[in-house]
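Note that the protein sequences, when read in sequence, are chains A and B.
First residue of the first sequence: 1, per my numbering; consecutive thereafter.
First residue of the second sequence: 1, per my numbering; consecutive thereafter.
Take the hints with a grain of salt, since some may be wrong.
Claimed, not checked - For lysine-lysine, the following DSBU-like pairs were computed, each having C-alpha atoms within a straight-line distance of at most 35 Å:
id, chain 1, residue 1, chain 2, residue 2
1, B, Lys29, A, Lys247
2, A, Lys244, B, Lys253
3, B, Lys29, A, Lys244
4, A, Lys114, A, Lys271
5, A, Lys247, B, Lys253
6, A, Lys271, A, Lys113
Note that these hints are calculated values from the structure, not bench results.
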Amino acid sequence: MMKNSTPSDRTNSKPWSILIAGMKAATVALSLAAGVVGLASSAQAHGERNQEPFLRMRTLHWYDLKWSASKLKVNDELVVTGRVRAFEDWPNNLPHPMSVFLSTAGPGSVMAKKESYVNEMPVLQSFGMVNGREYEFKLVLQARYPGRYHIHPSLLVNGAGPLAGPGSWVEVSGSVDDFVYPLKTLTGETIPNLATYGMGTVLAWQGLWGFIALAWMLWWLRRPLLMPRHLALLRGREDLLITKADKVVAGVIAVGTIALVYGGAHWAEKKYPMTLPLQGGRAVVDPLPEAARSVDVKVVRAVYDVPGRSMRMTLELKNNSDNVLTVGEFTTANLRFVNKANSAAMAAVPADYPSDIVPRSGLVVEGDKPLAPGETARVTLDATDAIWELERLSALITDPDNRFGGLLFLYDDKGTRHISPVYGAIVPHFTDANSHF
Amino acid sequence: MSMSSTTAGGAAAEDPVIAAAGLTPAGAKVSRNFDWVIVLIALFLVTGAFHLHYMLLAGDWDFWVDWKDRQFWPTVAPAAAICFPAAVQYFLWTFFRVPFGATLCIVALMLGEWINRVLGFHLWARFPYALIWPSLLIPSALFLDAVLLLTRNWLLTAIFGAWGFGLLFYPSNWVMLAAYHLPVEHMGQTTSVADMVGYTFPRSATPEYLRFIERGTLRTFGGHSSAVSAFFSAFLCMVIYIGWWFMGWAFSKMIWVANPLASYMGLKNSQQS
Ligand SMILES: [Cu+2]
Numbered sequence: 001m002m003k004n005s006t007p008s009d010r011t012n013s014k015p016w017s018i019l020i021a022g023m024k025a026a027t028v029a030l031s032l033a034a035g036v037v038g039l040a041s042s043a044q045a046h047g048e049r050n051q052e053p054f055l056r057m058r059t060l061h062w063y064d065l066k067w068s069a070s071k072l073k074v075n076d077e078l079v080v081t082g083r084v085r086a087f088e089d090w091p092n093n094l095p096h097p098m099s100v101f102l103s104t105a106g107p108g109s110v111m112a113k114k115e116s117y118v119n120e121m122p123v124l125q126s127f128g129m130v131n132g133r134e135y136e137f138k139l140v141l142q143a144r145y146p147g148r149y150h151i152h153p154s155l156l157v158n159g160a161g162p163l164a165g166p167g168s169w170v171e172v173s174g175s176v177d178d179f180v181y182p183l184k185t186l187t188g189e190t191i192p193n194l195a196t197y198g199m200g201t202v203l204a205w206q207g208l209w210g211f212i213a214l215a216w217m218l219w220w221l222r223r224p225l226l227m228p229r230h231l232a233l234l235r236g237r238e239d240l241l242i243t244k245a246d247k248v249v250a251g252v253i254a255v256g257t258i259a260l261v262y263g264g265a266h267w268a269e270k271k272y273p274m275t276l277p278l279q280g281g282r283a284v285v286d287p288l289p290e291a292a293r294s295v296d297v298k299v300v301r302a303v304y305d306v307p308g309r310s311m312r313m314t315l316e317l318k319n320n321s322d323n324v325l326t327v328g329e330f331t332t333a334n335l336r337f338v339n340k341a342n343s344a345a346m347a348a349v350p351a352d353y354p355s356d357i358v359p360r361s362g363l364v365v366e367g368d369k370p371l372a373p374g375e376t377a378r379v380t381l382d383a384t385d386a387i388w389e390l391e392r393l394s395a396l397i398t399d400p401d402n403r404f405g406g407l408l409f410l411y412d413d414k415g416t417r418h419i420s421p422v423y424g425a426i427v428p429h430f431t432d433a434n435s436h437f
Numbered sequence: 001m002s003m004s005s006t007t008a009g010g011a012a013a014e015d016p017v018i019a020a021a022g023l024t025p026a027g028a029k030v031s032r033n034f035d036w037v038i039v040l041i042a043l044f045l046v047t048g049a050f051h052l053h054y055m056l057l058a059g060d061w062d063f064w065v066d067w068k069d070r071q072f073w074p075t076v077a078p079a080a081a082i083c084f085p086a087a088v089q090y091f092l093w094t095f096f097r098v099p100f101g102a103t104l105c106i107v108a109l110m111l112g113e114w115i116n117r118v119l120g121f122h123l124w125a126r127f128p129y130a131l132i133w134p135s136l137l138i139p140s141a142l143f144l145d146a147v148l149l150l151t152r153n154w155l156l157t158a159i160f161g162a163w164g165f166g167l168l169f170y171p172s173n174w175v176m177l178a179a180y181h182l183p184v185e186h187m188g189q190t191t192s193v194a195d196m197v198g199y200t201f202p203r204s205a206t207p208e209y210l211r212f213i214e215r216g217t218l219r220t221f222g223g224h225s226s227a228v229s230a231f232f233s234a235f236l237c238m239v240i241y242i243g244w245w246f247m248g249w250a251f252s253k254m255i256w257v258a259n260p261l262a263s264y265m266g267l268k269n270s271q272q273s
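With the hints as constraints, model all of the structure from the sequences given.
Structural data, given as structure tokens:
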């Protein structure tokens with residue numbers, strides 16, 4: 001009988017160590033689960049090649065992309081500029097770009113977005129686009145995390161998802177701890193760093209309540225909890241389970257909670273008398289003025305040669321302008337097929353442009369002759385490169401509607417560019433494609 | 001002999017509840033270890049299940065500082081958060097007269113949320129803390145527990161406690177949120193700090209147009225849309241509390257089902273054994 005006293009004393013400390021060990025195990029298990037959730041949400045940030053070809057060939061066409069730097073330190077600015085066109089032959093199975101948000105595609109929030117403009121209008125919020133029209137964008141980013149990132153501009157289209165533009169590798173050095181984004185409010189408050197702003201209050205307030213909650217649970221946990229209480233209840237001894245002290249504590253908790261919440265909210269109202277609701281409006285952006293269509297393009301026949309990894313198209317071009325024009329570039333899905341025989345087109349590819357999206361074999365124009373003003377002529381374009389396979393664009397043969405699209409860049413003798421959209425049906429060829437031309 | 005038995009029983013035997021339960025010292029010891037095992041399992045279970053439930057129902061409103069509006073966040077978040085507390089309160093109160101069911105659920109939820117925000121949102125996806133802190137639900141839960149104990153009646157708890165659960169949500173969070181609603185000028189536009197946080201740190205899968213905030217004509221109530229939402233939420237909480245209290249009842253019912261396969265399992269006549 002006497003021996004029993006020692007173990008029963010120990011029962012007070014032993015369960016605690018079990019509890020703490022259990023909490024550690026719980027934390028590890030939950031962390032792993034949380035990690036998986038995080039993995040899933042950030043992995044989709046960069047699946048540019050996973051998107052179906054129609055999403056890349058017939059929605060938005062990006063061109064004239066410029067990245068102001070390729071090496072940055074934390075806090076340095078990176079300016080990405082360029083143009084984007086909402087395509088004429090927008091896929092029928094997608095909603096039109098009525099609600100569009102300009103952002104970046106990359107792994108998580110590694111870059112802070114300082115400013116963003118479309119046609120020189122600030123786009124804090126979403127805006128609408130018009131099909132067949134052009135937009136000029138500017139993104140000012142601030143490096144936040146060190147690392148090597150593929151930075152794309154991206155337009156998130158309501159109903160169609162993120163549609164990313166061309167990406168360029170950017171290397172960021174330094175430490176994330178040095179990142180600062182200061183701001184001044186209209187009420188005169190200084191925000192030293194937007195990334196951590198307000199967290200002092202959040203942690204103190206949530207910590208205080210966490211402490212009260214733990215105290216409340218310990219008030220009950222320190223006493224016998226489950227079986228004894230259940231048995232006592234069955235024997236009609238409810239009076240022992242809820243004591244007078246318990247009722248007093250509950251009363252203090254009820255009144256104290258109301259008082260503390262009221263006091264806290266009152267403090268916040270006094271400290272920040274002038275506040276603004278969340279801004280749920282929209283930006284309004286007019287497209288760039290419509291340029292006269294210099295060349296009408298009609299697709300006579302387009303073929304995707306599967307084994308040859310080659311897209312060939314015969315186009316009927318009608319020159320409506322007063323200039324002599326030559327075919328310089330065909331761009332689709334952020335790839336630039338450039339006619340190497342065309343010096344103006346070659347000059348339009350900056351030396352630092354990401355070479356992985358400028359296929360080396362370029363664009364071969366059969367019967368590459370200048371197009372005189374008013375002339376109508378047929379040309380055959382050949383874009384052959386393993387990149388069709390690499391970028392998984394060859395999957396277009398499994399699209400629900402077998403159409404292709406892109407932009408054709410023509411140049412006059414002064415080197416001025418004339419843009420025409422190209423769109424039409426495409427036929428996959430699994431064997432000898434040449435016989436069909 | 002009576003002296004020695006008191007000493008031998010130790011602290012546990014002196015507890016009137018143990019005495020009323022008629023437990024031997026050894027039984028009291030076992031029941032205490034059982035308490036801790038159950039508390040630990042409950043913490044795991046509630047953290048996992050409740051976190052999932054809350055993420056699915058109140059998800060983005062709770063994740064992001066620029067979703068915490070005056071209208072949908074204070075309506076949806078408490079209504080989604082009162083479900084588990086109601087069911088667990090039923091179980092713990094009815095069988096054990098333990099009145100911390102709501103606090104246990106909410107502490108477990110917030111523990112899960114913080115683990116997820118730190119590891120998944122911050123360390124993995126690199127969102128800053130200013131964007132991703134979770135809403136506070138502890139004052140609401142404490143009030144709900146206190147009302148259950150003071151009234152010892154589920155209907156009164158539904159009427160007053162659940163009502164307070166919903167009403168307390170917005171002011172208890174405003175303490176933290178007010179600073180994020182200061183006005184800012186950016187690129188010639190007026191916006192709030194919270195909008196700025198959401199704008200500055202890109203979320204590749206949660207664009208601005210997805211935000212379900214500040215819709216409709218609630219602001220015609222003299223600009224007091226948060227108060228209107230809080231009262232509406234309080235009403236919702238009342239109804240949901242009753243529903244989930246009975247969910248707790250349904251799930252803690254013991255049912256015996258006759259085993260139709262008994263004869264195949266060598267249990268020829270279970271009545272006799
Ligand atoms: Cu990329």
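Against the structure, the hints come out as follows:
1. B:Lys29 / A:Lys247: holds (27 Å)
2. A:Lys244 / B:Lys253: holds (31 Å)
3. B:Lys29 / A:Lys244: holds (26 Å)
4. A:Lys114 / A:Lys271: holds (28 Å)
5. A:Lys247 / B:Lys253: holds (29 Å)
6. A:Lys271 / A:Lys113: It holds: about 29 Å lies between the C-alpha atoms, which stays within 35 Å.
Violated hints are absent here; each numbered hint is respected by the structure.
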